[in-house]
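Visitor: Chain X is already provided as a structure; the job is to place chain E on it using the hints.
Protein chains in written order, with my numbering: chain X, 827 to 1102; chain E, 324 to 766.
Rather than coming from a laboratory, the hints here were simulated on the basis of the structure. Among the hints, a few may not be true.
Going by beta-carbon spacing under 8 Å, a handful of chain E positions derived as facing chain X [unchecked claim]:
| no. | residue |
| --- | --- |
| 1 | Asp388 |
| 2 | Ser561 |
| 3 | Ser562 |
| 4 | Arg565 |
| 5 | Ala566 |
| 6 | Val568 |
| 7 | Glu572 |
| 8 | Ser579 |
| 9 | Val582 |
| 10 | Asn583 |
| 11 | Leu590 |
FRET-style restraints, in silico, Cβ to Cβ [stated by the list, open to error]:
| no. | chain 1 | residue 1 | chain 2 | residue 2 | range |
| --- | --- | --- | --- | --- | --- |
| 12 | E | Tyr486 | X | Arg965 | 35 to 43 Å |
| 13 | X | Asp991 | E | Leu701 | 43 to 51 Å |
| 14 | E | Gln619 | X | Leu859 | 30 to 38 Å |
| 15 | E | Leu443 | X | Asp991 | 22 to 30 Å |
| 16 | E | Arg658 | X | Gly985 | 56 to 64 Å |
| 17 | E | Ile500 | X | Arg965 | 53 to 61 Å |
Chain E residues, not near chain X, derived (Cβ > 10 Å throughout) [what the hints assert, rightly or not]:
| no. | residue |
| --- | --- |
| 18 | Tyr486 |
| 19 | Ile500 |
| 20 | Thr524 |
| 21 | Tyr654 |
| 22 | Gln657 |
Positions of the beta carbon are idealized from the N, C-alpha and C atoms, including for glycine.
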Amino acid sequence: MAQAQGAQAPDPAQDQTPSLLQVRGLVQRFGGLAAVDGVDLDIRKGQIFSVIGPNGAGKTTVFNVITGIYKPTEGDVIFDGTSIAGMKPDKLVRRGITRTFQNIRLFNNMTVLENVLVGQHIELPTDVISALFRLPNYRRAERKAEQRAIELLGFFGPGMVARKDEYAVNLSYAERRRVEIARALGSKPQMMLLDEPTAGMNDAETSEAVTYIQRLRKEFNLTILLIEHKLQVTMGISDRIAVLDYGKKIAEGVPAEIQRNERVIEAYLGRKAAVE
Amino acid sequence: MATKSPLKVASQTASSAVSTARDWTHETMIAGRPVIWYVTGWRFAIITLIVGVLLPLVPYSAYPDIQSLLVALTSVFIYVMLALGLNVVVGYAGLLDLGYVAFYVIGAYTMASGTFGSLLNFNEKPFSIPTFPFALLLLAGALIAGIFGILLGAPTLRLRGDYLAIVTLGFGEIVPIVFQHIPTFYGSLGMTSTPPPPVNTPFGLLSFTDPLNNAPFYYMALLFAVLVAIGSFALRNSSIGRAWVAIREDETAAESSGVNLVRTKLLAYALGAFVGGVAGVMQAAFVPSVNPVNFQFQISITILAMVVLGGLGSIAGVILGAMILQFLYVYVLQRINDPIHASFLVASNGAPLHFLSNVDFSSLNYLIFGILLVIMILLRPQGLIPDARRKRELKGEGAAQEGVSAIGLLEQEEAGIGIGAAADSLDETEYSGAGSDAQGREG
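For reference, chain X alone in the conformation it holds in the complex:
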């Protein structure tokens, strides 16, 4: 069922859509251990691209290199035609790359609204004079940002808007995830990287998340790079999937191809399962 959806979607890899993000020959070593060993990725504009693989396959490391947390040992990351390897996360946000975290990192002692406003940081004046004296242009920008924050929360329905003055620490797990995505949308990104967005969610929450990931692409014109454990999620919504194992890319293709790929089955379920 899930794979049928994926197969029906046009395969953007085949068309002439330009690349938005390219990872070239990425190697990331920690001491002697190569967590990522020569990975290439090519993500086109408007794609939902998934990176999957068993625990410790290097998915999050790839993710952390792209988002500027690590500087790659070798290789390059090209975004929109320029190298972004080793660029600081806040610079990447200014270039249009935004992210969420696997273990949801909200600002717990801030309200939901404030969390989403922090996401709009680069859109707001940050000089001391305008802040101290509440100059008209500053007040206008703040008001606009607040409206926008409410709109972004509205993406997840009126229920989230109603929670805007709640402290983040008091939210349910699914709500926290939504706020994190709303915050990530604040910087008007071109590309959003989602690190296991359904981790820790039950089936109902997961299928809701799948819906809004698809809506994110449509309503915000986003290109989405997804790291996901649950095959039910990736197979359903990805245009293209890359599979990592032991730091190497062992397969890439549309979901239907990935599902049939023996090396993938082996990596996921073990050799025995593959033989059977």
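Guide: Relative to the frame of chain X, chain E by itself:
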């Protein structure tokens, strides 16, 4: 890994739930409202301000000690400024600073140097320098301190917790020692400074040096304390303030939301130091002299204690904390020796507390601060008027939510060190260069 996050949320809640019971600020009623209603937000500000403005009008006949009270409160206001300044760094941005006294010294010496008329060269021969007007020195002291704030901040950007505390501690020690040992500023002799000249006002000539009327200086200190408080408030509710709190809460997430860590942290240091400089200039004009021995490590700790006592990040709390501790020291403790020594429990030989008859209570301030802090940390670690919970509590919602507590700050740092050493960091977010610093609280 997938199940980690809910656990983490649960453990955070547990660790921060040190005291969730509703306390005296809710239970004690004044005119039908709980105490917390009066000491929060604008009501607190307005009530304090009205009392503050009217106080000097109390006549001598009503309270003979009124002039000493004004002198004491002037000093209290200077400490309110210092505490609010430090609150920007420690309370908002979460950067533990144990050397805040350095900026206070720099402000004070700017004032003294600009009015003393001469400094010494390296052969210890005086050379004269012009004197400057007070307003200019105020600005200069603040700016010079602000620059030193950046100089301190820049090398410590990657440090957190214990490491940051040690470096700032060192800085706070170095600056007074430099003033003590280089000849330029008369070393351990110190310098005198000239208070601002009298000002012509519609109410007549206001002198800043008249021992029989301390109101002018009192009002000036009050005005500056209020300005600093308003500035703190404006900044807290701005994009800058949100960025500071975001850094305090989660540096990695803040950076990934577009917050430039370098700029934002340096801004916190610079503005905190700026306020420290203003307070230093005021202090030097008020006393009016400067001496390195008056700017020791204890001052940094006292100011930090004020911030922690009141509630990290909470403007009302920090003001209250500074007022309580400084007023206790400069007024109450200076006056309780005689009443205690004369009381029937102490006075006569053989009275149960006679051993107290030789105790000088005015010198016990650090003992008393220490006891107060211990009590606070045990009973109310989030401070007298905590930051995050106050809005919710005023709405009357039952579930108490901890603000940022002193203990929380420490726990967070410890977690950071622990995780940095953990072996499973491969798949976790962590800065390559910064080692253990990057991971605040993830596990």
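Visitor: Next, verify each hint and record whether it holds.
Guide: Going through the hints against the structure:
Restraint check, Asp388 of chain E versus chain X: the minimum CB separation of about 38 Å is more than 8 Å; hint violated. Interface hint status for Ser561 of chain E: upheld, as the beta-carbon distance to the closest one in chain X is roughly 4 Å, under 8 Å. At a threshold of 8 Å, the smallest CB-CB gap from Ser562 of chain E to chain X is about 4 Å, leaving the interface hint in force. Of the supplied interface hints, the one on Arg565 of chain E holds, with its beta-carbon coming within about 5 Å of a beta-carbon of chain X, less than 8 Å.
Annotation: Ala566 of chain E was flagged as interfacial toward chain X, and the flag holds, the nearest CB pair being 6 Å apart, inside 8 Å. For Val568 of chain E, the suggested interface contact is upheld, since its CB lies about 6 Å from the closest CB of chain X, less than 8 Å. Evaluation of the Glu572 of chain E hint against chain X yields a held restraint, the C-beta minimum of about 4 Å falling below 8 Å. Contact between Ser579 of chain E and chain X, as hinted, is supported at the beta carbon level, the nearest pair being about 5 Å apart and thus within 8 Å.
Residue-level restraint check for Val582 of chain E holds (minimum Cβ-Cβ distance to chain X is 5 Å; threshold 8 Å). Hint status for Asn583 of chain E relative to chain X: holds, with the closest Cβ pair at about 5 Å, below 8 Å. A least Cβ separation of about 7 Å between Leu590 of chain E and chain X falls short of the 8 Å threshold, and the interface hint therefore holds. Distance hint for Tyr486 of chain E and Arg965 of chain X: a CB-CB separation of about 39 Å, consistent with the stated range 35 to 43 Å.
Asp991 of chain X and Leu701 of chain E have their C-beta atoms about 31 Å apart, which leaves the hinted 43 to 51 Å range violated. Between Gln619 of chain E and Leu859 of chain X the Cβ separation comes to about 49 Å, which falls outside the hinted range of 30 to 38 Å. The hinted range of 22 to 30 Å is not satisfied by Leu443 of chain E and Asp991 of chain X, whose Cβ atoms lie roughly 59 Å apart. Under the hint 56 to 64 Å, the C-beta atoms of Arg658 of chain E and Gly985 of chain X, about 58 Å apart, fit the expected range.
Restraint check, Ile500 of chain E to Arg965 of chain X: a C-beta distance of roughly 46 Å breaks the suggested window 53 to 61 Å. Against chain X, the non-interface label of Tyr486 of chain E holds: every CB pair exceeds 10 Å, the least being about 20 Å. With a closest Cβ-Cβ approach of about 31 Å to chain X, Ile500 of chain E is found to remain outside the 10 Å limit, as its non-interface label requires. The beta carbon of Thr524 of chain E is kept farther than 10 Å from every beta carbon of chain X, the shortest such distance being approximately 26 Å.
In this structure Tyr654 of chain E is separated from chain X by more than 10 Å, as the shortest Cβ-Cβ distance comes to about 32 Å. Even its closest Cβ contact with chain X, about 37 Å, leaves Gln657 of chain E beyond 10 Å, as expected for a residue assigned away from the interface.
Of the numbered hints given earlier, the model fails hints 1, 13, 14, 15 and 17; all others are met.
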